[in-house]
Every structure is written in structure tokens, then in C-alpha cells.
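Listed in order, the protein sequences are those of chains A, B and C.
Heads up, the final residue of the first sequence is numbered 209 in our numbering, and it's a clean run with no missing numbers.
Heads up, the final residue of the second sequence is numbered 1025 in our numbering, and it's a clean run with no missing numbers.
Heads up, the final residue of the third sequence is numbered 116 in our numbering, and it's a clean run with no missing numbers.
In short, the hints are calculated from the structure, not lab data.
Keep in mind that this is a model prediction, so the values were computed, not measured.
Every clue listed holds true.
Which residues of chain C face chain B? A few of them, derived with a C-beta cut under 7 Å, are:
| # | residue |
| --- | --- |
| 1 | A100 |
| 2 | Q103 |
| 3 | L104 |
Just so you know, even glycine gets a beta-carbon here, dropped at the ideal spot from N, CA and C.
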Amino acid sequence: MSSETWFGLCGAVLVGLGLFGLITHPDALRKLLAFNLLGGGVFLVFGTIARRGAAAGFGGDPVPQALVITGIVVAFASTALAVALLRRLAEAGGEPAAAAPAPLAEPPS
Amino acid sequence: MNLSPDVDGGLAVLIAGLALWTIAVRDTFAAVIGFVAFGLVVAVAWMRLAAPDVALTEAAIGSGITGGLLITAAAGRRRRPPPQPDGRPRGIVRIAAATASVLAAVGLGVAVLSLPTPAPTLAPNVALHLGLTGLANPVNAVLLGFRAVDTLLEVFVLLLALLGVWSLAPDRFWGGRPGAAQRVDPHAMLVFVARLLPPLGIVVGLHLLWVGAVAPGGEFQSATVLAAVWILATTAGLCDWPPVGKPRLRLVLVIGTAVFLAIGLAGLVIAGAFLAYPPAYAKLLIVAIELPLTLSIAAILGLLVAGPPSREPRR
Amino acid sequence: MAREVTTIVAVCAGLFFFLAGTIGLIRFPDTLSRLHALTKADNLGLGLIALGTMLQAQGPLQALRLVVIWLLVLVSGSAVSQLIALRVYRRSGQS
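Construct the complete structure from the given sequences, taking the supplied hints into account.
Rendered as C-alpha cells:
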């Protein structure tokens, strides 16, 4: 199995792991981590496709690589917004998993 | 490099193992550290995939600055009383989630294994038209030349995310400074490092920007290095986050996008399409876009890590 | 030929220090001794690997970059070690 296929399969495993963590973790920050893992897996699959498209003297197809760079930056932007939301939610005392009884109880998962 | 694919297989297994640990470990802080380590190993994987620009971006943004943000978030959650989980999902939900995940992973794996063998690629197209952009780095030529619209929209997304973060501040803090005021002993270790590294960081950042035309690098990697030394200086107390309402700060944030948009609209008039560059001036226009863009992105990235304003503005 | 052999020897020695540092990180009982193990990995391990790869560098400028990388890791590693140790010291003083 060639090296890029290894990384493509690794990306597929990451997508599965990230999806599982996103759905099952009760803590919001862990969901965020799982979401980032999911994104990382997708980027690795892109990287596999880019590597296989090596031609014309380049080591890889530059278009998927540029898309991945854009994706990494946008993933960071959404992570930053999510972290700010979580912090504000915790400050406002309205965390869905807070110990205090909340007036609007979130149904579990 | 002609290392055997088994090394890459080992690297892939290591990445999957780190991801599994990040999902499975109980302590949230440990999971964040695992994620940072995961990001760094993935950066090595990107080098093995012959994508040095992506490796730089992953190490800087994906692992470095995201890691800093998440560590601060996880540490903050530690300080506040940990919430009682509302109950782990019922067994049926976990089984359904596991099934969906396995299906997704297997489906994607099958897709990876059955990719068409004369792999379709746009590399010859890029190589053919590379001379028109005046750049020698194909990834930056794609980012700033052939797919410049994507980059423009990406910077808009960054600005929108920053606006979203700012809008989370309580009304009385609007226009104030983010973060908390740091009072740090001037002889402390952190202050020493924060005095030592920023000049080097600025040089490295500018070098990454300039060399991005011909070698791996570019404005995103450069902006991240600049943002990182800004965050370091602020954390050490050497400078404070600027008040969010300050007009000069807002000018710095917007100028990259404004110049990009202006050159794009000028391209409508001069070269016949939005963001088209007349070939004789392509390199000049791209540099003219890159310089303010790097400044803006560095400021946006730093402020995204700083968070919403949390101190009252001085009247 | 001598260059390749020296590179391999240096990198293997560096790997040994990394291994020792990792074992120390996992097995040592408290934070301060773990920091002690990590500095061996950071300073000596990375230094030896940098030395080994410097011999394969194309030109003095690339070799200089490797040295600068090692120095940067030294600075940041030792600063972070001191900060962690200071925090541990203050915590233990309070308890």
C-alpha cells in the first residue's frame, strides 16, 4: 500500500472517530475537539487526492492543497467562535449540563 | 525521499492512535493536549504528502494557535466547578453513533482505496498558467491568483467570526479591551522570553511572507507567526490588548479585505473580470494584496484568541 | 561515507535521549522530576539530531537554520519548564 493510501485511510478513520466523539460526548468542549478531528480527517483525504495528482514537476496537485489551507483557517475561525460561545454560555450560567436545575431542561443527547 | 511506505503506515497508525486517545480519555485538559500533539504529527504527515505549505499551516494554525485557544478554554473550565454531565447518552444512541461512524469511515476508506488510477489532476493546468501570476509557488499562485475569490471570502469569514466573538460581550463591555489586565513581575521568565522572541518572530514572519512567492510559505503562515508573538507579548504583560472600539484597530482589521476587494473591482475595469490581474502587473498586484492582508489576518487571529471584550472602555 | 555514518550515529544517540526522556515522562512520580527528564530530551536529544542532520544540509545557511531551530526550542523549553516548576513550587508552598 503506497504512502498516500495509508494517510487516506487514516483520514477515513479520523472521520469515523470524530463523528463518534461529536455525537456521544456530553461535554461541549470535547464535541469541539471531535469536530476538529473530523475536519482533520477530511483534510487528510484531500491530501491523499492531492498527492496522487502529482504531475508537471509538482509534488502534489496544488488546488486541493490550497483548499485544505483555506479549510484549516476557516476551521480555526469556527473553533474560536465556538470557544467564545461556550465561555459566554458558562458565564451566563446556562450550560446545558449544569448541576443546578435549569428552567428549560435540555433532553439528554 | 525514498523511505519505505511502512514508515508512513506507522505514522498513519500513530495519528489514528492519538485521535483515539483524544476521544477516549476522561480528562478534558488531557484531551486538548492530545489534540495539540495530534496536530503536530499531522503536520509531519503533510510533509510526507509533499505539501509543505499545508504542513506549515497545520503546525501554525491547526495545532499551534488552535491549541493555545483550546488550552485556555480547558483551563478555564477547570477553574470553574465542573458541570455534572447531563447523563451520558443512552446505550441505543451510542450504538447508533458507533454504527454511523463505522459506516462513514468504511465508506470513506473504500472511496480512498478505489480512487481512479490515472489520477485526475489540475497540476498541468496550474503549471501551464503559472507564469501569468508571476509566482513560482504553485499553492500561493492558486490561493492568490487562480482561486483568489476563495481567499477573499475566507478573509470575510475570519472577519465575521471576529464580529461574532465580539458580539458575545455584555453591552457594558462593548468597545473595551479583551482579556484580563496582566500585572507581571518585570524580571519573570515569561517576560524574558516575551522580550526575546517577538523580534525574531517578526523577522521570521516577514521572511515567510516574502519567500512565499517562490518557496513554501505565504500570508497565512506569516500572519500566524506574527499573531503568535503578539499573543505572547500580551500574555507576558508587555503590552495590552487594544480596546476593541479603537478606530485605528478597526482600520488595521479591515484594510486587508478592503485592498483585496478594491483590486478585485479594479480588475473588472482593467482586465475584464473580478479579481483578474493584467499579466504585466500580476506580481505587483499580488504583493500589494499580500502585505495589508497579512497585517489584517495577524490582527484578526490575535483578537480571535483574545476573545470578546471583558473590560469597560474608558470614556 | 564518514559523514553518513556520523549522521546515523548522532541521530541514533539523539533518539536514545528522546526515548529516555519519554520513559522518564511516563514513569517518574511527580512533575518536577518529569520536567527534569524532559529537558534531557529537549536539549541533548534535539541537539544531537540537529547535529546529525546538519551534516546532511545543503550549504551553511541550512545548517545555521537547524542550529537556530535548536536554540529556539532550548529557549522556549527552558522557559516553559521554569514556569511549570514555579507553579508547582507555589502550589506546594500553599498546601
